[in-house]
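Chemist: For reference, the chains in residue letters:
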Amino acid sequence: METLQQLITYVSTNADYIWVEFYRHFLMAAYGVLFAAIIAIPLGILIAKYGKLSAWVLSLGSIIQTIPALGAMAVIMLVFGLGVNTAIFTLMLYSILPITQNTYVGMKSVDKNVVEAAYASGMTRFQVLRMVELPLAVSVIMAGLRTAIVIGIGIAAVGAFVGAGGLGAIIVTGTNATDGTAIILAGAIPTAFMAIIADVVMGWIERKLHPVKTS
Amino acid sequence: MLEFKNVTKRYSSQGRPAVNSLNLKIEKGEFVCFIGPSGCGKTTTMKMVNRLIDISEGQILINGKDIMKQNPVELRRSIGYVIQQIGLMPHMTIKENIVLVGTLLKWSKEEKDARAKELIKLVDLPEDYLDKYPHELSGGQQQRIGVLRALAANPPLILMDEPFGALDPITRDSLQDEFKKLQRELGKTIVFVTHDMDEALKLADRIVIMRDGEIVQADTPEEILRNPANEFVEEFLGKERLIQGRPDVVTVGQITGGSPVTIEPQATLKTALATMKDKKVDALLVIDSNRKLQGYIDIEMVNLNYKKATTVEKVMETDLFAVTEDSLLRDTVHKILRRGAKFVPVVDEENRLTGIVTRAALANLLYDTIWGDGMELEDEKPKLRAL
Chain D
40 METLQQLITY VSTNADYIWV EFYRHFLMAA YGVLFAAIIA IPLGILIAKY GKLSAWVLSL
100 GSIIQTIPAL GAMAVIMLVF GLGVNTAIFT LMLYSILPIT QNTYVGMKSV DKNVVEAAYA
160 SGMTRFQVLR MVELPLAVSV IMAGLRTAIV IGIGIAAVGA FVGAGGLGAI IVTGTNATDG
220 TAIILAGAIP TAFMAIIADV VMGWIERKLH PVKTS
Chain G
197 MLEFKNVTKR YSSQGRPAVN SLNLKIEKGE FVCFIGPSGC GKTTTMKMVN RLIDISEGQI
257 LINGKDIMKQ NPVELRRSIG YVIQQIGLMP HMTIKENIVL VGTLLKWSKE EKDARAKELI
317 KLVDLPEDYL DKYPHELSGG QQQRIGVLRA LAANPPLILM DEPFGALDPI TRDSLQDEFK
377 KLQRELGKTI VFVTHDMDEA LKLADRIVIM RDGEIVQADT PEEILRNPAN EFVEEFLGKE
437 RLIQGRPDVV TVGQITGGSP VTIEPQATLK TALATMKDKK VDALLVIDSN RKLQGYIDIE
497 MVNLNYKKAT TVEKVMETDL FAVTEDSLLR DTVHKILRRG AKFVPVVDEE NRLTGIVTRA
557 ALANLLYDTI WGDGMELEDE KPKLRAL
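Line order of the protein sequences matches chains D and G. Oh and the first sequence: position 166 is 205 in the numbering used here, straight run, nothing missing. Oh and the second sequence: position 83 is 279 in the numbering used here, straight run, nothing missing.
Hint data in this document are derived by calculation from the structure and do not stem from the laboratory.
Ranges between beta-carbon positions, derived for each pair:
id : chain 1 : residue 1 : chain 2 : residue 2 : range
1  : D       : L248      : G       : E332      : 17 to 25 Å
2  : G       : E314      : D       : I236      : 45 to 53 Å
3  : G       : A310      : D       : K88       : 35 to 43 Å
As the structure is a computational prediction, the values presented were derived from the model and not from experiment. Glycine is no exception: its CB is placed at the ideal position from the N, C-alpha and C atoms.
So here's chain G without its partners, still in its complex pose (with noise of 0.2 Å):
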């Protein structure tokens, strides 16, 4: 779709490019995120596409051609553009507004009005808002008509600089959910500028990160949180959002507290009461001599049968629902949330048990992401883990 080969830009003959020697590829129906401090050169790499700014040194390639070779006027007719200062005609109607291309590529009336009525439904706003002049609309509303503008003439392309930037966050949030929603259902290419890390992280589904007018970074959000390629990645992704990202990266083995209380089947269920009695515990796994786990046997299943039953085999219950070290820890905790288990036990390939996440264990994991990573805390108030 784009694609961007060794890329320089320089704006004075001296000195350091803006944009230096930049290679990249970006598929069809992806969205991607340039994201870096200012000065990094997202901006410019970004308008280069459009020819705003020209190229100094190698190429910019759309579906394979070559952009330099094309008329910039008419390829900027064929990519949408929306900034962060939205920039509507103040003179002119919104609908006008919404078909400013289409009014340059010399639609009819019909096409026109038929196109802007179709257009200001996707976002929800009502057909009267046609009639009106930006000045009579909120920030948001505005945006979205930035984003109808140009989505108008159905381009397969659309760049976007910092276009929620100068929004409040609320409109902001719901004006990201809606964009997003609608980039997937039109599929549309988006090359997307911002300084916001939550923005590249909620949206993008490459995050290019850029310093210096070069790519530090370009990958998927969850690759980039697993694994940051250098400390200035990590210093701009943020400890704190590296810690909160980690729910979505931490596997079960990570947390696993270390032995679970077990019993073997053919224990009598005095024997298991006595356990569990001994370990202050209200449950025990029960495993075979290899530590395959077999079920689990908790006080109340004791209680009910410990009259008609007298070994644990009998009683326990085999429906058990297990997981290994490398599944993700964001899905164990849903489905213990969902299952309202209170522990899931931890098996190896060959069902083996190996460990236990406990209920603890996620309250354990909750307070470190909300307090950090505890240590700065045991430094500075001493007394608060001993509460």
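The shape of chain D in the complex, shown without the other chains (with noise of 0.2 Å):
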């Protein structure tokens, strides 16, 4: 009760605070998942059409995977040095598996039947692309970001470590405070609740991206 009492006095007090933060750990993993994107999404595509290099990729991400994220981080700063670029590069990493994946799975999972008629229609590789493959895989491809984004969330978290800011510099006050679990939780229950409603988003995109309609 007595940390209840005093959580809510610590967010009436801190609102500001806790918004600016919430609102900057919210941008640290939509750029990670963005600029994983941006190369994962090409990646998964290209995989899926030159099969060969599938194992490779999808075996390095899954090793990429494996590395504890403040391990990574630890070993980014020594490049990018304290600061949010760090957090954004190691959440970037840690995105492009589960995006990648889910193009490659995708992309596979296109009928091939739908593929032949295509080209036998006329259409140019682009076009194929463009008009059958990516529609038909968007919202396999919406699953990886949704995965990639919570798992973003959390791993921002981590970021405070080295200086990116974000909720987790306000779970890390509290650790360093005596009697800090109000203040913990001021900063974890945001964290929680920001994974949450990002999953719910995302899944609510991704079956409005569905292909087949369904009446």
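From the two separate chains plus the hints, produce the assembled complex.
Modeler: This is the structure:
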């Protein structure tokens, strides 16, 4: 009860600060996923077209995924220094695998007969990609982005250790303070909340983009 | 229209070619079925026409133009294509699917709408289907749309890869009929790949039977049934189909009964009656001394005129329908049934009587058709024939 009261007091006195960090946290995750998407979607398309690459690329992605985020961030910090760039770059690395994987699966799951019919109707390679394969794969690709952003929101919290700010900074403050449970919660609850909201919104977009409309 | 010149396809540099030095000429408006066991190269041959598969050697000419010298994308837009798996775009409406090639050719919206409406009438589907999605349609309806998509840009040539293979037999049958009718109306040239002999016999103007990448026989369905090129073709047609096919090609001569009961025109009705009684028949064929057919007389005529007339000549019916030995049985059967005749005399070119086809002979043939050629039956159930 005491903690709850403390939490309410902290949140009411620091509402502006929490909101600023919340926004910053979200932007980090969003940028990380955005940059990852710019690389990972074309990569996914490429490995779907040239099957031999797929095993290599996907296992490389899995290896990256196994490195603890904190460790990776520490190493990347050596290159980018302290600050938000390190956090965004780390986020990007961790987002590449789910997006690539889903793009690959999405492209592969497009019915081969549909693709053959598309070519036989006289579509160019680019037209097949734009008019057939991407529209049919887009919801699976969106599912990849959804996974990536949820992971990204979690990893962004670690970004506080390299001076990137965000809700993680509030959590770190709480761990350093005596009796800081309320402060930790003030950082952790919005993080979890953000992840849930992101998941729901992306899930909704994913369904909206599903190619086969069911009335 | 379409010509294959020594067309060869190798998938690997060694090994047997998938299609080996194939030569074939297909005329405009012709419906050609490629048929053969799986792996015989029929689908490969078809896909080389619109360059989904590239030719290794030789040439394919469409209206005298080498397809390898044309842009593959342009080429494909000018050739219709229908596949067994239909391959409609699941994210596009039926209308968008039908006029897909039109979209690629940058037709205006009005043109596309008009064409879609025009086409969907061809297959008797209501216009509001145009706004549905493929998954809302049954398999048969989807394939109708698949066919319409191939027709959209009005290509003179359409390639079809077992288009009705995945449909249930009833739908398949009605689609085959519909499509054959459509093809005749529109005068399209069709290259049709199938493994279903019944389908090929039903639809094709010409059947190309392939094995191991080579043409075994290319001929009309009738000719293939009548003269299978070799054992492979016979086996592929199947014994049953050859027997079933026989009524189509059997001539009257093959089932003619040898010696019909005859009488001369000068004979008296009394003699005629005696002959009938003697031979246990109810009708006699009247022939003159040169065996030329004059007419026939049956028991009723004798009965009615017994008191009035004396000779057969005065009573006999001269309006008699006769066939020659080389006329096709199927036509004969048709005529017998239509006229309700009990028999048909068989004559040679000079109208001399050589035999007779009776209803009993037809019944025998029917028996053979249903039970096989009878020989096997005798081995298995020797008593059946005696019954």
